[in-house]
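A.B. asks: Spelled out, the chains give:
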Amino acid sequence: MKRRWIVFIGKNLIRILLLTICISMVTFALMKASPIDPLQANVGQAALGTMSQEQREKLEEYWGVNTPPIRQYLSWAGDFVRGDMGISLLYRQPVTEVIAVKLSNSLFLMITAWIISGVLGFLLGVVSGMNQGKFVDKLIRGYCLVVSSTPAFWLALLLLMIFSVWLQLFPIGLSVPIGVEASGVTFLDRVYHAVLPALTLSITGVSNIALHTREKMIDVMQSDYVLFARMRGEKGWRLFRYYGFRNVLLPAVTLHFASISEIFGGSVLVEQVFSYPGLGQAAVAAGLGSDLPLLMAITIVSALIVFGGNLAANLLYGMIDPRIRRGGAVK
Amino acid sequence: MKKKIIAFLCAFSLAAGVFAGCGQNQEQTAQTSGVSDEKVQEGLQESTKDEVIVTMPTTSEPESGFDPAYGWGAGEHVHEPLIQSTLTVTNQDLEIGLDLATDYHVSEDGLTWTVTIRDDVKFTDGEPLTAEDVAFTYNNCKEKSSVNDFTMLEEAVATDNTTVEFRMTRPYSIWPYTMAVVGIVPEHAYDENYGQNPIGSGRYIMKQWDRGQQVIFEANPEYYGEAPKMKKVTVLFMEEDAALAAAMSGQVDVAHTAASYSDQQIEGYELFRVDTVDNRGFNLPCVEPQEKDGITYGNAFTADVRVRRAINIGIDRQEMIDNVLNGYGTAAYSVCDKMPWYNEDCEVAYDPEEAVRILEEAGWKEGSDGIREKDGVKAEFTLMFSTGDSVRQALAEDTANQLRELGICVTTEGVGWDVAYDRAQSDPLMWGWGAHTPMELYNIYHTLSDSGIGMAGYSPYANEAVDQYMDQALAAGSLEESYELWKKAQWDGTTGITQEGDIPWIWLCNVDHLYFVRDGLQIADQKIHPHGHGWSIINNVDQWNWE
Numbered sequence: 001m002k003r004r005w006i007v008f009i010g011k012n013l014i015r016i017l018l019l020t021i022c023i024s025m026v027t028f029a030l031m032k033a034s035p036i037d038p039l040q041a042n043v044g045q046a047a048l049g050t051m052s053q054e055q056r057e058k059l060e061e062y063w064g065v066n067t068p069p070i071r072q073y074l075s076w077a078g079d080f081v082r083g084d085m086g087i088s089l090l091y092r093q094p095v096t097e098v099i100a101v102k103l104s105n106s107l108f109l110m111i112t113a114w115i116i117s118g119v120l121g122f123l124l125g126v127v128s129g130m131n132q133g134k135f136v137d138k139l140i141r142g143y144c145l146v147v148s149s150t151p152a153f154w155l156a157l158l159l160l161m162i163f164s165v166w167l168q169l170f171p172i173g174l175s176v177p178i179g180v181e182a183s184g185v186t187f188l189d190r191v192y193h194a195v196l197p198a199l200t201l202s203i204t205g206v207s208n209i210a211l212h213t214r215e216k217m218i219d220v221m222q223s224d225y226v227l228f229a230r231m232r233g234e235k236g237w238r239l240f241r242y243y244g245f246r247n248v249l250l251p252a253v254t255l256h257f258a259s260i261s262e263i264f265g266g267s268v269l270v271e272q273v274f275s276y277p278g279l280g281q282a283a284v285a286a287g288l289g290s291d292l293p294l295l296m297a298i299t300i301v302s303a304l305i306v307f308g309g310n311l312a313a314n315l316l317y318g319m320i321d322p323r324i325r326r327g328g329a330v331k
Numbered sequence: 001m002k003k004k005i006i007a008f009l010c011a012f013s014l015a016a017g018v019f020a021g022c023g024q025n026q027e028q029t030a031q032t033s034g035v036s037d038e039k040v041q042e043g044l045q046e047s048t049k050d051e052v053i054v055t056m057p058t059t060s061e062p063e064s065g066f067d068p069a070y071g072w073g074a075g076e077h078v079h080e081p082l083i084q085s086t087l088t089v090t091n092q093d094l095e096i097g098l099d100l101a102t103d104y105h106v107s108e109d110g111l112t113w114t115v116t117i118r119d120d121v122k123f124t125d126g127e128p129l130t131a132e133d134v135a136f137t138y139n140n141c142k143e144k145s146s147v148n149d150f151t152m153l154e155e156a157v158a159t160d161n162t163t164v165e166f167r168m169t170r171p172y173s174i175w176p177y178t179m180a181v182v183g184i185v186p187e188h189a190y191d192e193n194y195g196q197n198p199i200g201s202g203r204y205i206m207k208q209w210d211r212g213q214q215v216i217f218e219a220n221p222e223y224y225g226e227a228p229k230m231k232k233v234t235v236l237f238m239e240e241d242a243a244l245a246a247a248m249s250g251q252v253d254v255a256h257t258a259a260s261y262s263d264q265q266i267e268g269y270e271l272f273r274v275d276t277v278d279n280r281g282f283n284l285p286c287v288e289p290q291e292k293d294g295i296t297y298g299n300a301f302t303a304d305v306r307v308r309r310a311i312n313i314g315i316d317r318q319e320m321i322d323n324v325l326n327g328y329g330t331a332a333y334s335v336c337d338k339m340p341w342y343n344e345d346c347e348v349a350y351d352p353e354e355a356v357r358i359l360e361e362a363g364w365k366e367g368s369d370g371i372r373e374k375d376g377v378k379a380e381f382t383l384m385f386s387t388g389d390s391v392r393q394a395l396a397e398d399t400a401n402q403l404r405e406l407g408i409c410v411t412t413e414g415v416g417w418d419v420a421y422d423r424a425q426s427d428p429l430m431w432g433w434g435a436h437t438p439m440e441l442y443n444i445y446h447t448l449s450d451s452g453i454g455m456a457g458y459s460p461y462a463n464e465a466v467d468q469y470m471d472q473a474l475a476a477g478s479l480e481e482s483y484e485l486w487k488k489a490q491w492d493g494t495t496g497i498t499q500e501g502d503i504p505w506i507w508l509c510n511v512d513h514l515y516f517v518r519d520g521l522q523i524a525d526q527k528i529h530p531h532g533h534g535w536s537i538i539n540n541v542d543q544w545n546w547e
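Protein sequence lines, in the order shown, are assigned to chains A and B.
Just so you know, we're using the numbering used here here: the first sequence kicks off at 1 and counts up by one.
Just so you know, we're using the numbering used here here: the second sequence kicks off at 1 and counts up by one.
Okay, chain A solo, but in the shape it has when bound (with noise of 0.2 Å):
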């Protein structure tokens, strides 16, 4: 059992090392292809104007215009590997500490957002699979569908017209409340802030697991032993309890810990319809102004953050399955 853990372990540790490595290059041979010109970016061109040809000669060493990029990742990479991520272009502090600031703002968003839309989107499966045909599975279905072709921004948008504007029952946009200090700021008006980007994120991200937990549903239901179990009267909630939670929660676990991935991508258009200073905004910037130790660092973050939530699906399944725990293939 022991050395399992360890192979296991291991096994995660070179894969995780590997994907690193891989990662920072696509991700520094993609910055270097793009076309941006950091200094038309961060400088700007009427301010590039104003400038004397020295001073822009100056810049360009700066925003590192003329180093070969192979030096360029080398010296990236070898300070990495020693636990500095460096300093950002853009911010000018370090890029722990800029992360630290934008992780702490996008993950409570984050998260709440993909709880709410894992437990939602599991809930509506269940319900709609075990009604398979009836009036609440049509609903179901054609809420689903409906909001898995509705882009995340555009929703967006809709749910701050309607009750940010007209309805004026929530605030337009930001994480905390205009012009309060911030002692004067509670853990209230933090979730307040956070309602309408982590409603858009969850509404977007249920359909996808509701829809494939019904899938699931309906094939469990027609299985031999919930045959079985109907034959000897089980109905409704006890039979959904003992013979359907259990398998139909597989594919929904797999799907929700992959969609950590969609989350991220989904709160950097939210964070901006929301005003929401979270990671995503920070990556947005990062990318646009060619700032190239914040890029690398926030996308080797996402990724090990969505690597850690496969992992995480990996070790649940051991949980849920017992087959999987025991090592034994599923049939």
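To be clear, the hints were calculated from the coordinates, so they are not data collected in a lab.
Hints are supplied without guarantee of correctness; some may be wrong.
Here are the computed distance ranges between Cβ atoms for each label pair [what the hints assert, rightly or not]:
1) B:232 to A:310: 44 to 50 Å
2) A:162 to B:260: 21 to 27 Å
3) B:189 to A:79: 27 to 33 Å
4) A:182 to B:165: 39 to 45 Å
5) B:232 to A:32: 43 to 49 Å
Derived pair list, reagent style DSS-like, types lysine-lysine, alpha-carbon separation capped at 30 Å [stated by the list, open to error]:
6) B:142 to A:58
7) B:144 to B:207
8) B:374 to B:292
9) A:58 to B:292
10) B:365 to B:378
11) B:229 to B:207
12) B:292 to A:32
13) A:32 to A:58
14) A:32 to B:144
15) B:292 to B:122
16) B:142 to B:207
17) A:58 to B:144
18) B:49 to B:232
19) A:235 to A:134
Negatives, chain B to chain A, calculated, CB over 10 Å [what the hints assert, rightly or not]:
20) 53
21) 114
22) 149
23) 151
24) 216
25) 250
26) 258
27) 352
28) 418
29) 457
For glycine and all other residues, C-beta sits at the position ideal for the given N, C-alpha and C.
Based on these hints, arrange chain B on the given structure of chain A.
C.D. replies: Relative to the frame of chain A, chain B by itself:
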């Protein structure tokens, strides 16, 4: 195990319910308190309301902090730094006034500026502001500057407590314009994190900065000048859509907006427009095509000065402003309209007949397809614009339409900035400029002897007389003298860059900066805004008031 999972699910759905509940409570209290606030305001009015909330584009947030060395106050967005005081200030008409400085003068050779400063100014941490701090600020800027250009400064030296000497590497008569944007930082409280917690001696204290969202300023009670009327200023960073939504829901007092939203009616708000020198225009390469280092310089069609003159008067700028900017703009005739160094000879009247006559006279005859040609050269060029900039794109399209009437075929093309600079050496590009310094004029029209083909940097053009006037302007003994020389560089009666001269650039319009402003808020007179829709509006926020 099962139990745990179920317990977790239950707990979560409960928590979700609680959250939703909280949200509702919260919103109700928010609403009721909003109402009572308004009542209070109505009741007490003028005397109590001294706060204002202003939105700005997300790009206005100074990512690297409120540090002059990293561009706070200068650069793409030239503005008063509010938190810090500057030596000089620019007045309403963009001439130079004094702030910290009590006097300044420049040596005969233009290489030493001596500035005396007030002795009664304290930083908000209680320490006095001395000439040492001034010298430190400028030397620090020179060493680290990311946006401002300090290459003309050799070093700054404090000769006594209230006198500072700037030793220059070259004469630079417009140095007072640099002094108007550099906020003085305290040497004793400066480190690499200064930009995050700035200390200054300006009208406002930065109370809080929620990165990516808002900055809260409070009036500096110890301010040495007139006490600010607005005691609290909150600046929010958001996109135009969000700013519009914020105004529609009544949560902000001033919301920045664009011409495309100018027809929106928002109850309780008025549209407020500010004149700018935020101009748009395109370059016309002035030489025959030639190649160097893989870059083509020059354009066979626009190399003919008569073609450039015809284009300049063949464009109806007002029509363009009405079409593209909903009327919110002013016609532009130079890169520096209305600045003290602007030469009014740049102005021309729209005259399509004359434009056609010039083209005919120059030998550009209409071909069978309606496009003019001469000696096998077609009257055509590609007009580029930066992709993603809808205003520049629309201006390029409008230019193409208008020039088609003259028999000139213009194709528009969106390009990225990575290739735009090199391609602009041979094809016209739609640019945006507008700064509170004549340096821009210099960089656009002055030749660079050691780069490219030895002509002006952004578009091939060279005129010795223009160069000389601008060199003299930089070496001039006083600003007044330099203004005259800058004007002469534009047109001295015989040569220059105007319609009668070489006209190497065509200027189209200055884009108005637009804001939705809450009724009752009196925004103090604005000086002409430079390029960039950001901080300029609150340059004088201390003088705003509620009626």
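A.B. asks: Determine for every hint whether it applies to the structure shown.
C.D. replies: Results of checking the hints against the structure:
Residue 232 of chain B and residue 310 of chain A have their C-beta atoms about 48 Å apart, which keeps the hinted 44 to 50 Å range intact. Our hint of 21 to 27 Å for residue 162 of chain A and residue 260 of chain B holds, since their Cβ atoms are close to 23 Å apart. Taking 27 to 33 Å as the suggested C-beta distance range, the pair residue 189 of chain B and residue 79 of chain A conforms, at roughly 30 Å. Evaluation of the 39 to 45 Å hint for residue 182 of chain A and residue 165 of chain B yields a pass: the beta carbon distance comes to about 42 Å.
Between residue 232 of chain B and residue 32 of chain A the beta carbons are some 46 Å apart, a value that agrees with the proposed interval 43 to 49 Å. Proximity of residue 142 of chain B to residue 58 of chain A is assessed by CA-CA distance (about 11 Å); at most 30 Å being required, the pair is judged to hold. Restraint check for residue 144 of chain B and residue 207 of chain B: the C-alpha separation of about 26 Å stays at or below 30 Å, so the hint holds. Straight-line distance between C-alpha atoms of residue 374 of chain B and residue 292 of chain B comes to about 26 Å, which keeps the hinted pair within the 30 Å bound.
Under the criterion of a C-alpha separation no larger than 30 Å, the hint pairing residue 58 of chain A with residue 292 of chain B is consistent with the structure, at around 25 Å. Distance check on the hinted pair: residue 365 of chain B and residue 378 of chain B sit about 10 Å apart at the alpha-carbon level, within 30 Å; holds. Taking the CA atoms of residue 229 of chain B and residue 207 of chain B, the gap is about 17 Å. The hint holds against a cut of 30 Å. Of the pairs offered as hints, the one joining residue 292 of chain B and residue 32 of chain A holds, with about 25 Å between alpha carbons and a cut-off of 30 Å not exceeded.
This hinted pair checks out: residue 32 of chain A and residue 58 of chain A have alpha carbons roughly 20 Å apart, not beyond 30 Å. Between residue 32 of chain A and residue 144 of chain B the alpha-carbon distance is near 25 Å, which keeps this suggested pair within the 30 Å criterion. For the hint pairing residue 292 of chain B with residue 122 of chain B, the CA-to-CA distance comes to about 56 Å; that exceeds 30 Å, so the pair is violated. Distance restraint check for residue 142 of chain B and residue 207 of chain B: the Cα-Cα separation of roughly 28 Å lies within the 30 Å cut-off, and the hinted pair is therefore satisfied.
Distance restraint check for residue 58 of chain A and residue 144 of chain B: the Cα-Cα separation of roughly 10 Å lies within the 30 Å cut-off, and the hinted pair is therefore satisfied. For the suggested pair residue 49 of chain B and residue 232 of chain B, the alpha carbons sit about 10 Å apart, so the restraint of at most 30 Å is met. A threshold of 30 Å between alpha carbons decides the hint, and for residue 235 of chain A with residue 134 of chain A the separation of about 16 Å falls inside it, so the pair holds. Interface exclusion of residue 53 of chain B from chain A breaks down, the closest Cβ pair being 6 Å apart, not more than 10 Å.
No Cβ of chain A comes within 10 Å of the Cβ of residue 114 of chain B; the nearest lies about 23 Å off, and the non-interface call holds. With a minimum CB-CB distance of about 4 Å to chain A, residue 149 of chain B fails to clear the 10 Å threshold, and the non-interface call is violated. A cut-off of 10 Å between C-beta atoms contradicts the statement that residue 151 of chain B is not in contact with chain A; the least separation is 4 Å. Not every Cβ of chain A is farther than 10 Å from the Cβ of residue 216 of chain B; the closest lies at roughly 6 Å, contradicting the non-interface assignment.
With a least beta-carbon separation of about 8 Å from chain A, residue 250 of chain B fails to lie farther than 10 Å from that chain, contradicting its non-interface assignment. Distance to chain A confirms residue 258 of chain B as a non-interface residue, since its nearest Cβ pair spans about 17 Å, more than 10 Å. For residue 352 of chain B, the shortest C-beta to C-beta distance to chain A comes to about 31 Å, beyond the 10 Å cut-off, and the non-interface label holds. Residue placement check: residue 418 of chain B does not keep its beta carbon more than 10 Å from all beta carbons of chain A (closest about 4 Å).
The beta carbon of residue 457 of chain B sits about 8 Å from the closest Cβ of chain A, which is not more than 10 Å, so the claim that it is off the interface is violated.
When each numbered hint is compared with the structure, violations occur for hints 15, 20, 22, 23, 24, 25, 28, 29.
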